[in-house]
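2 protein chains.
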Amino acid sequence: MAESPQTGNLSRPGERVPGSAGERGAARSRLPTLEDVARVAGVSRATVSRVVNGVRNVDPDLHTTVWAAVDATGYVPNRAARSLVTRRAGTVALVVSDSEEHDDDPFLGRLFTDPFFGRVVGGVLSVLRPVGVQLGLHLVGSPPARVRLVGDLRQGQADGVVLLSLHPDDALPGLLVEAGIAAVMVGRPARPAPISYVDLANEAGAALAVERLLARGCQRVGLIAGPEHVPASQDRVAGFRQAMARRGYAWSPSEAGNFTRESGEAAMRRLLAAHPDLDGVFVANDLMAQGALVALHEAGRRVPDDVAVVGFDDSSAAQAAQPPLTTVRHPLEVMAAEATRLLLARIEDPQLRVASVIHDPVLVVRRSA
Amino acid sequence: MAESPQTGNLSRPGERVPGSAGERGAARSRLPTLEDVARVAGVSRATVSRVVNGVRNVDPDLHTTVWAAVDATGYVPNRAARSLVTRRAGTVALVVSDSEEHDDDPFLGRLFTDPFFGRVVGGVLSVLRPVGVQLGLHLVGSPPARVRLVGDLRQGQADGVVLLSLHPDDALPGLLVEAGIAAVMVGRPARPAPISYVDLANEAGAALAVERLLARGCQRVGLIAGPEHVPASQDRVAGFRQAMARRGYAWSPSEAGNFTRESGEAAMRRLLAAHPDLDGVFVANDLMAQGALVALHEAGRRVPDDVAVVGFDDSSAAQAAQPPLTTVRHPLEVMAAEATRLLLARIEDPQLRVASVIHDPVLVVRRSA
DNA sequence: CGCAGCTCAGAGAGCGCTTTCCGGCGCGCA
DNA sequence: TGCGCGCCGGAAAGCGCTCTCTGAGCTGCG
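Just so you know, the sequences run in chain order A and B.
Just so we're aligned, residue 0 is where the first sequence starts under numbering that gives the first Met the number 0, counting upward by one.
Just so we're aligned, residue 0 is where the second sequence starts under numbering that gives the first Met the number 0, counting upward by one.
Hints may contain errors.
[What the hints assert, rightly or not] Residues from chain A that face chain B, not an exhaustive set, calculated with beta carbons under 8 Å: (1) Ala67; (2) Ala71; (3) Val120; (4) Gly135; (5) Val364.
The set of hints was computed from the structure by calculation and includes no laboratory data.
Just so it is clear, the structure is predicted and the values come from calculations on it, not from any experiment.
Built from N, CA and C at the ideal position, the CB exists for glycine as well.
Start from the sequences, fold in the hints, and give me the full structure.
The structure is reproduced here in structure tokens:
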């Protein structure tokens with residue numbers, strides 16, 4: 000590694016911090032408990048518990064007294080103790096289930112650099128924060144890790160799961176359902192399973208892109224597909240082919256990438272080499288479209304004059320691209336929020352039916368097409 | 000909202016799921032406990048506990064028997080119960096402390112779309128995963144939210160905190176130290192505090208950029224700074240000015256943005272308007288540099304021939320930019336990992352001295368300068 | 001052969017909380 | 001004025017685990 004970290008100390012090492020450390024130990028060992036509050040308020044633990052948890056049937060006067068005592072002692076309920084008895088963790092897990100490949104990359108770089116991830120986190124947090132539910136982040140690659148996760152979850156690690164499955168042929172949705180763990184997926188499961196999910200009408204989105212391209216007058220439209228086994232990619236490809244077929248185009252040249260910018264660039268190069276007369280491309284996500292733009296630029300093609308490009312997702316990459324990408328808006332934040340709400344409802348009532356919510360895509364016209 | 004979600008059901012609503020629901024209830028209510036394992040193995044709870052926790056002083060034969068019983072029952076320790084007695088949560092919190100502005104944005108979009116965030120998550124997770132520690136994600140904006148977080152933390156929500164403070168003048172570092180909560184920052188605190196942190200030698204990085212620009216023969220170098228009160232931005236600006244001064248440039252034109260692409264574009268436009276003869280720019284982060292590139296392109300300037308641009312961070316935006324950005328590498332993943340290791344050590348031994356680790360930046364030469 | 005000194009398993013106390021069960025008190029109705 | 005019912009607060013039983021303390025059984029030395 001090029002960087003050589005230098006370690007320094009803000010004060011002399013080997014020395015003990017005088018006040019804070021001692022106080023700390025004391026503070027840790029003696030945090031106010033329900034008992035303390037009860038003593039101060041002159042009532043029983045049970046009453047304090049009822050007040051703190053907002054159970055009615057408590058005299059208003061006592062109510063006031065108790066809250067005053069809570070403030071006075073600085074009491075904060077102990078989550079572990081509470082979970083132990085309620086069997087609720089007050090936590091929801093965001094699980095990213097990927098294939099094992101990223102085990103090679105120590106920093107899982109590709110995964111978290113994709114704007115996709117951040118958008119989902121933002122959406123999930125937007126509904127969790129107001130209700131005071133915590134978010135745990137889990138990343139599983141290998142099959143044993145999936146089994147371990149299910150064990151941890153059953154045992155109460157989290158009350159439910161928002162699942163992001165990037166791994167085609169993922170066993171996790173099945174495992175979760177089987178274990179009776181509340182779960183909602185963002186994006187449909189790769190194979191049908193009795194699990195709730197929120198998804199985008201990907202086919203319709205692809206059709207929107209095709210419409211735009213053909214309306215512009217494109218005659219020779221190509222496709223850059225995503226990973227073959229990923230549902231979102233499959234649906235976009237299918238939507239593209241269907242829409243093209245409906246307009247009379249029985250076949251279109253295509254290449255596939257893996258949703259990264261580099262793969263899009265390479266795919267575009269291959270496409271261009273095989274079909275130099277292309278005048279339009281639909282790319283299955285923005286990151287690859289951004290790469291395609293680079294390849295197009297290098298090949299001396301002007302976008303959109305020579306070749307029009309439509310991406311998918313309307314991620315930050317779309318606006319950052321040169322020229323800015325015309326793309327299909329994928330309201331991921333909204334969808335992740337929706338999924339989280341669905342999950343919360345399901346945690347509340349486990350008997351709730353498995354439901355799907357499909358969002359409609361919208362075309363965002365910028366300069367690339 | 001343009002998207003109109005349609006709700007559908009995979010089976011008829013109002014109906015109860017036959018098997019799974021019942022089993023689920025049963026499964027939930029009767030998960031194997033230590034007691035069960037003990038009964039199966041024919042030993043006491045204490046012994047099972049010792050075996051499971053790897054305490055020695057256990058007869059090898061019993062060891063085997065107990066593990067067999069664990070497998071047979073499918074036992075998984077209950078985290079809440081364990082935390083309750085050990086006073087350890089087995090969880091680390093990644094806290095993003097921002098100003099309140101994002102409260103306007105329901106999806107906290109800007110925050111999580113920045114590649115910055117994902118890189119930190121990747122780094123933290125890379126060290127947490129192998130040791131089986133969970134990651135909790137917390138976002139705090141308002142001052143009361145900070146106080147609430149500290150309460151939750153003290154009470155055992157997490158064993159320690161990796162803090163990402165984006166809010167100049169943030170009270171959180173102080174609050175954490177005061178409460179005796181183990182914490183390590185990624186990026187130095189805005190004002191000196193007895194808290195460990197991992198940072199980049201930002202000034203040195205800026206100097207690297209200046210060197211590159213001047214070595215190219217740039218004569219009129221401008222600066223696009225970041226938010227005034229953010230330490231990383233301050234240090235980069237200071238480093239830039241010092242390096243320029245050392246080369247004899249007493250003053251350089253500058254504009255400031257807020258680390259977003261749009262703000263970089265606007266800043267570049269202002270800079271260009273005021274100083275049309277600029278032939279080089281140092282931009283305090285890649286996102287803004289990407290925006291600057293757009294403004295430059297619009298103004299008909301060729302990069303790097305007319306104006307050379309150096310960014311900062313070597314984020315994914317740098318490679319995606321057109322042309323790819325020459326930039327200063329900020330090994331965020333490595334740094335976040337380092338911070339996490341520091342935190343883990345501190346949790347293990349709270350008496351450990353407060354330490355700082357400063358990484359050295361490296362210039363990554365691409366095409367923009 | 002006896003006893004100190006060791007190793008190792010079990011008993012049991014409690015971590016801080018929720019919640020059921022009860023008992024006491026006050027009110028309404030006869 | 002007496003009885004029953006409803007309301008409200010307290011006592012106490014755990015939730016599942018860890019860990020100290022105790023004691024049983026063994027070895028080794030006097």
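Each hint tested on the structure:
1. With its C-beta approaching chain B no nearer than about 17 Å, Ala67 (chain A) sits outside the 8 Å limit, and its interface hint is violated.
2. Annotation: Ala71 (chain A) was flagged as interfacial toward chain B, and the flag is violated, the nearest CB pair being 14 Å apart, outside 8 Å.
3. The interface hint given for Val120 (chain A) is met, as the beta carbon of that residue sits about 5 Å from the closest beta carbon of chain B, less than 8 Å.
4. For Gly135 (chain A), the interface hint holds, the least distance from its beta-carbon to any beta-carbon of chain B being 5 Å, beneath 8 Å.
5. The interface hint given for Val364 (chain A) is violated, since its Cβ lies 13 Å from the closest Cβ of chain B, which is over the 8 Å cut-off.
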